[in-house]
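Chemist: So the chains spell out like this:
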Amino acid sequence: MDLSLSDEQQQITDSAATFLAEAAAMPAVRAASESAGGLDRALWRAMAELGWCGVHLPEAAGGLGLGLVELVLLQEQLGRRLACVPFFDSVALAATALRGLPGSPLAQDWLARLAAGQAIGALALPDGHGGAAGAAPASNPPGQPIGFSGSKVPVAQAEPGPEAMDSIAKMPPGTPPAAAAPTAVASKDGWTLQGDWPQVGSAAMADVLLLPAQAASGETLLLAVPADAPGLQVRALATLDATRRMAAVRADAVSLPAASCIGRGPALDALFTQVRQLGAIALAGEQVGVAQQCLDLTLAYAAQRSQFDRPIAGFQAVKHRCAQMLVALEGARSAVYGAACIADTAPDAATLLLYAAQARVAATEAAQFCAREAIQLHGGVGFTWEFDPHLYFRRAQASSQRLGAPPWWLEQVAAQLLDTPEEMA
Amino acid sequence: MNLQETGAERAFRASVRDWMQTHLRGDFAPLRHASGLGAPGYEAALAKRWEQQLAAGGWTGLGWPRQHGGRELPLAQQVIFHEEYVRCGGPGRLGHIGETLLAPTLMAHGTPALQARFLPGILAGQTYWAQGYSEPGAGSDLAAVRTRARIDPDTGEWVIDGQKVWTSWAHESDWIFVLARAEPGSVRHKGLVLLLVPLRQSGVTLRPIRQITGDAEFNEVFFDGARTEGALHLGAPGQGWAVAMYLLGCERGASTLGQQAHFKAELEQVVAVAKRNGAARDPVLRQRIAHAALGLQTLRSHALRTSGDDAPARAASISKYAWSNWRRALGELAVDVLGAEGDIAGDDLLSQALQRLWLVSRADTIYAGSNEIQLNLMAERALQMPR
Numbered sequence: 001m002d003l004s005l006s007d008e009q010q011q012i013t014d015s016a017a018t019f020l021a022e023a024a025a026m027p028a029v030r031a032a033s034e035s036a037g038g039l040d041r042a043l044w045r046a047m048a049e050l051g052w053c054g055v056h057l058p059e060a061a062g063g064l065g066l067g068l069v070e071l072v073l074l075q076e077q078l079g080r081r082l083a084c085v086p087f088f089d090s091v092a093l094a095a096t097a098l099r100g101l102p103g104s105p106l107a108q109d110w111l112a113r114l115a116a117g118q119a120i121g122a123l124a125l126p127d128g129h130g131g132a133a134g135a136a137p138a139s140n141p142p143g144q145p146i147g148f149s150g151s152k153v154p155v156a157q158a159e160p161g162p163e164a165m166d167s168i169a170k171m172p173p174g175t176p177p178a179a180a181a182p183t184a185v186a187s188k189d190g191w192t193l194q195g196d197w198p199q200v201g202s203a204a205m206a207d208v209l210l211l212p213a214q215a216a217s218g219e220t221l222l223l224a225v226p227a228d229a230p231g232l233q234v235r236a237l238a239t240l241d242a243t244r245r246m247a248a249v250r251a252d253a254v255s256l257p258a259a260s261c262i263g264r265g266p267a268l269d270a271l272f273t274q275v276r277q278l279g280a281i282a283l284a285g286e287q288v289g290v291a292q293q294c295l296d297l298t299l300a301y302a303a304q305r306s307q308f309d310r311p312i313a314g315f316q317a318v319k320h321r322c323a324q325m326l327v328a329l330e331g332a333r334s335a336v337y338g339a340a341c342i343a344d345t346a347p348d349a350a351t352l353l354l355y356a357a358q359a360r361v362a363a364t365e366a367a368q369f370c371a372r373e374a375i376q377l378h379g380g381v382g383f384t385w386e387f388d389p390h391l392y393f394r395r396a397q398a399s400s401q402r403l404g405a406p407p408w409w410l411e412q413v414a415a416q417l418l419d420t421p422e423e424m425a
Numbered sequence: 001m002n003l004q005e006t007g008a009e010r011a012f013r014a015s016v017r018d019w020m021q022t023h024l025r026g027d028f029a030p031l032r033h034a035s036g037l038g039a040p041g042y043e044a045a046l047a048k049r050w051e052q053q054l055a056a057g058g059w060t061g062l063g064w065p066r067q068h069g070g071r072e073l074p075l076a077q078q079v080i081f082h083e084e085y086v087r088c089g090g091p092g093r094l095g096h097i098g099e100t101l102l103a104p105t106l107m108a109h110g111t112p113a114l115q116a117r118f119l120p121g122i123l124a125g126q127t128y129w130a131q132g133y134s135e136p137g138a139g140s141d142l143a144a145v146r147t148r149a150r151i152d153p154d155t156g157e158w159v160i161d162g163q164k165v166w167t168s169w170a171h172e173s174d175w176i177f178v179l180a181r182a183e184p185g186s187v188r189h190k191g192l193v194l195l196l197v198p199l200r201q202s203g204v205t206l207r208p209i210r211q212i213t214g215d216a217e218f219n220e221v222f223f224d225g226a227r228t229e230g231a232l233h234l235g236a237p238g239q240g241w242a243v244a245m246y247l248l249g250c251e252r253g254a255s256t257l258g259q260q261a262h263f264k265a266e267l268e269q270v271v272a273v274a275k276r277n278g279a280a281r282d283p284v285l286r287q288r289i290a291h292a293a294l295g296l297q298t299l300r301s302h303a304l305r306t307s308g309d310d311a312p313a314r315a316a317s318i319s320k321y322a323w324s325n326w327r328r329a330l331g332e333l334a335v336d337v338l339g340a341e342g343d344i345a346g347d348d349l350l351s352q353a354l355q356r357l358w359l360v361s362r363a364d365t366i367y368a369g370s371n372e373i374q375l376n377l378m379a380e381r382a383l384q385m386p387r
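Residue numbers (my numbering), protein chains in the order written: chain X, 1 to 425; chain W, 1 to 387.
The following block holds chain W by itself, in its conformation from the complex (with noise of 0.2 Å):
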């Protein structure tokens, strides 16, 4: 056990903070402190460019093992990549979904023929990939899927029909991956299939979904005879539900740890207004904001403690369920720190990024498993308690 970092860790940390100094500048300028689509500057075309960049300067695929091109960094390593990123002031990761939900589903239940044709595009930023899962009747009971998908057999290719909807970011993507059913009249988790298909065809159409804050980071996406390769399933025809689940963990588990180094630049504009408005000396607002710094610190060592953890169901359902309450606190303190003015539509980015965090928090609880799935989770999977 140990928390205080290695020479090795502070040497890494330090060629972290070197690159970004030298690299997130010039023509990436207005990426700093983006958090994502959707934020003031920006841009996916400018975003895109800045995952190559990444990508080039060997910051992807961090924890991937190096058979498939990753660095196979340790946990401390990862967290202090994300730590300093954000410090720097990088932006929010465009290639997410693709590097830290699909590759590892991929590298687990992938055949190497898929491995090879998909994880290098993902690896060096090329390639966007969209998550295909919930439905408009199919949103915490996943296992209802309806869309379609049967083998064409002319072509032997994938024929799919159906709806997804929640899908983040699409209209930036380049392939989705769709959980469908693929044996008709097979019923909840049995005879599914998890395809790879490509988003830009004609049996696709997209349709943003204007969301809480205004914005449209998610589509609706509907398949009308869409098409994908014979070959493009991950695990057996049939056996989908096991991969999905998979993936899930994958987004429950160690993705997050980019995001509570987001955390913490948030926490900091919560203090900066809060001594700018003088709501730091509040009585009941200056614990609400120290309770909520104890509680970062807390999200934090339980990454450290549990992330190697053998039992991820459990570690994954606690720390999701913990971060995303902590957040979801975060953007109430951070309207009542603003006090009367969180009303207002202004011009102050602070302002603006607090009233943001607000509604964008809403969401936390609710996707990659609501607050009362991962307590179903946890309850069934890590207490053993009766279905």
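Excised from the complex, chain X in its bound form (with noise of 0.2 Å):
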């Protein structure tokens, strides 16, 4: 037990640091972020060239055949710059899925192209927490009843294994009635597929989509749309964190071929369940690059400001809320690295969601404590368009609401360790 970076991963975490600093600058991010797209093409392709877009995955897909600590050290340096690529959403979200679909071929024909960044993937989880709210409205997210609605469901009684999870989060009785599920019909050659995916990462930039739907058994199915298929409409959101793109998704009577299920049953339900820890984990690794950086542009700028003839860094109060900010970036650094180090080793599924949970919630405070310190501690030009603080802040705000907000994960956990029998000793 050693959760110290080996030399190859402070390597790993050092020359990404050296090669964004420079791909990366703020001018750059800045262009990208106000241009109608969204994307710094060029950025993309220097690191599918760095084979970084396959970090995790096998090299028999095309990857590096590394694990999801080296996935969760780039999105770290990847989170400090507010790179305008879509890593997370194709690498730590579809390529994951994708990868857990060996007995599909085209599934594996896309993971190959999104493993060498020739291809952008995006993925709709279900739920409404990928991003994507099919099921339900985005202002009543279903994973949240247990504990918010002030109604005493008791939802305890979940059955154990991996499905506890997904059978928590479905609404609980008196939740009122969600939006029509997306429907994949199935067709004399393949399927139609009909419904609304709200919002989805990174789609507009999409080459392929990766959306659930209910198949008339009632069973989920995941199909794989190419984003130029005749009646799929992706269309782009505007977004308060403009560095990382939402699109809104509308399936009109899109006919698909039979191979363009990918996954489907409990097979697939657990799967989501797995890719949304796995991707908490690494989205929280990109939160704690942005915690990082919020603490280093407001030691930087508190050195160099001076108010009564001595720098801010020298006041008390400005002291004490950067060694907080410190406190809570490390934390959250600790439990990020130890959640991504227990899901390489493929844990059971009770403990990938503890470490999970602890990953999300520990990056997610960290991140927007330490973005909303840095506004604070900037003063007035931490209030303008100019300085960069608010750039962080919109990023922790947007992410903190991604694949479940903290208390949605709160509240699996305390189903976990606290709606079991009595045992009282």
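Some hints could be false.
Unchecked claim - Computed spacing ranges between beta-carbons, pair by pair: (1) W/P120 / X/E22: 55 to 63 Å; (2) W/R150 / X/S306: 44 to 52 Å; (3) W/L349 / X/A17: 47 to 55 Å; (4) X/A17 / W/G238: 42 to 50 Å.
For the record, the hints were derived by calculation from the structure and aren't laboratory data.
Note that the structure is a prediction, hence the values are computed from the model and not measured.
Just so it is clear, CB atoms sit at the ideal spot from N, CA and C, and this is done for glycine as well.
With the hints as a guide, dock the two chains, each given alone in a separate frame, to form the complex.
Modeler: This is how it looks when you write it as structure tokens:
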């Protein structure tokens, strides 16, 4: 047991930091974030050439054969720079999902292209927590009800096993009816896809969309839909965090060949759970980078800003808050590295949930705390467009809502910890 | 990077468990799950015999170098020992000031003669130590110490006059290490000496301080012409500050590993009460309990990531600040989980434990460098912000 970085891992971190300091310097990030598509294509190509897009994927799929730890280290550096690339959506989410579908030749074909960075993928998760809420309006995420509605619905009797989380995530009785779930109806030579996925990360720049839908039988299907499929509308949404774009996806009687269904049933439900957990750890890595940069920006500013004839960095009111940022940041980093490390050892579902939730909650809190403090400690210029803290503030908030906000994760943990039969000594 | 236990680590864990199960029984049964002095069943004499039993079993000095009789175990195995020790109901450790604070300082700053004289007694659970740092006028501002030490020209002994305060377990200890001013007229960090002083002598008077819990774990210690041998100083006279700071680094660092294992047991008590009285179904409390569980896991990951750090001041202050604030919040959660019953001094042992946790944890963010001091240290040392 040891969570310090190996020499090789430290090298990955250092070389990524050096590369991105130049390739994703703030002027480039601002230019990309203010462009129509929101994508820095030159940076994305360079990352693909470095092999980053397949960092955690098997060599057989064209990946580097490393683990989630290494992916998290890259995410951390990308978060520091707010790099305008779909690494999280395409690599950490879509490719991770495709990796779990070895039985589908189409999935494996897309996986190879994603791993090489030749194509971009976007994944919608079925319950709204992937940033796609086909089954529920965004204002009423179905994962939340247990602790929040105030109703004492005992959702606790979750069946054990990997399906437990999904059953917990289902809506309890009394929740207002959701918008109709997207459907995939079997046709003579394939599927007809119909429905809305209102908020899918990086979808407008994606070549393939991985969209969940309900079959007539009630089971969940996952369909791989090319971005240019007739009847598919991908509408880019203006986002407050312009460094990561979202899109509304609508399928209006989209005809797809039979092989487009790349996963289905309980195995797919379990895969979604796993992808959400691994994705949460990857996202947490990015949030650690956000927190780190907020602290670094604040330290640099406080050292050069003078008031009362001395740098404000010398005032205890400022120093203590920077130190509290450091505590939040370093705790989150430990949580994320530990979670990624555990995830790479194929733990049981209960363990992975605990560690993913830990990373998610610690990193979300660190990123939000540090971004808020960065604005405050920059004073008046922290409120300007010109200075960078607001960009991180926007990212911290947007990321806090992806894959389930911290209260949702805490409820999953509470259910696992507290809703077991009485076993008092 | 690896968070899974190796085969050797699993075997080590099993060996701790086996030993605890065969030894923490019989005469020692009253000590099971007793957190320390003041807890029901915790008798100092019995706790000392237990320390000697641990020593005989080879469970003291786990991280000490072999040359000093230790086992030189890697950090992971020390963590495993503490976790398994607590899981098996192991009681609070009476010897920890000697074993985890003074001993490493002796190894770093003591002469071979001092090491040979004092380390074996600590390792064997025979000699118990108290810490003489704070004074009524020197708390966070430790460099303001006024206790005086001078050499008696006739005997060559040190003669000590002054007062220390917040001295844990002095009434159960044999020796005390005392930070004193050795050079008359010196100020602040200069002119200090760290002395090793026998507690049981006529020049030393102890007065217990009744603390927030009603117990008296602390003492005031009065030195009135107290004496110790001329050679019993750590580091050169006048250079005591650096030695004292080294010792504080130990207090904020590795010695907290054992405490974290106790925290897990305390969290489990909170969970047990929440399940028993229905607080586990409260939407807000269950979020707080989950948050506490994840926070504890983060403390563990943090220890496993940073305890081998080359920058101890940075790592030690971060972890001290993090664990003390975590545990203080756990104490608040504990009485909120008890609800209105938290105000009733009843017979239920579990409720008593949570009430005690609520009060005891207020000390965590004060001793061993308060929250405010830790933030200063992090800002100035880790973040290089100006003084």
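Chemist: Now look at each hint and say whether the structure bears it out.
Modeler: Status of the hints after comparison with the structure:
1. W/P120 / X/E22: 55 to 63 Å: Holds: the Cβ-Cβ distance is about 59 Å, inside 55 to 63 Å.
2. W/R150 / X/S306: 44 to 52 Å: 47 Å, holds
3. W/L349 / X/A17: 47 to 55 Å: Roughly 53 Å apart at Cβ, these two residues keep to the hinted range, so it holds.
4. X/A17 / W/G238: 42 to 50 Å: Taking Cβ atoms as reference, X/A17 and W/G238 lie about 45 Å apart, which means the hint holds.
No hint from the list above goes unmet by this structure.
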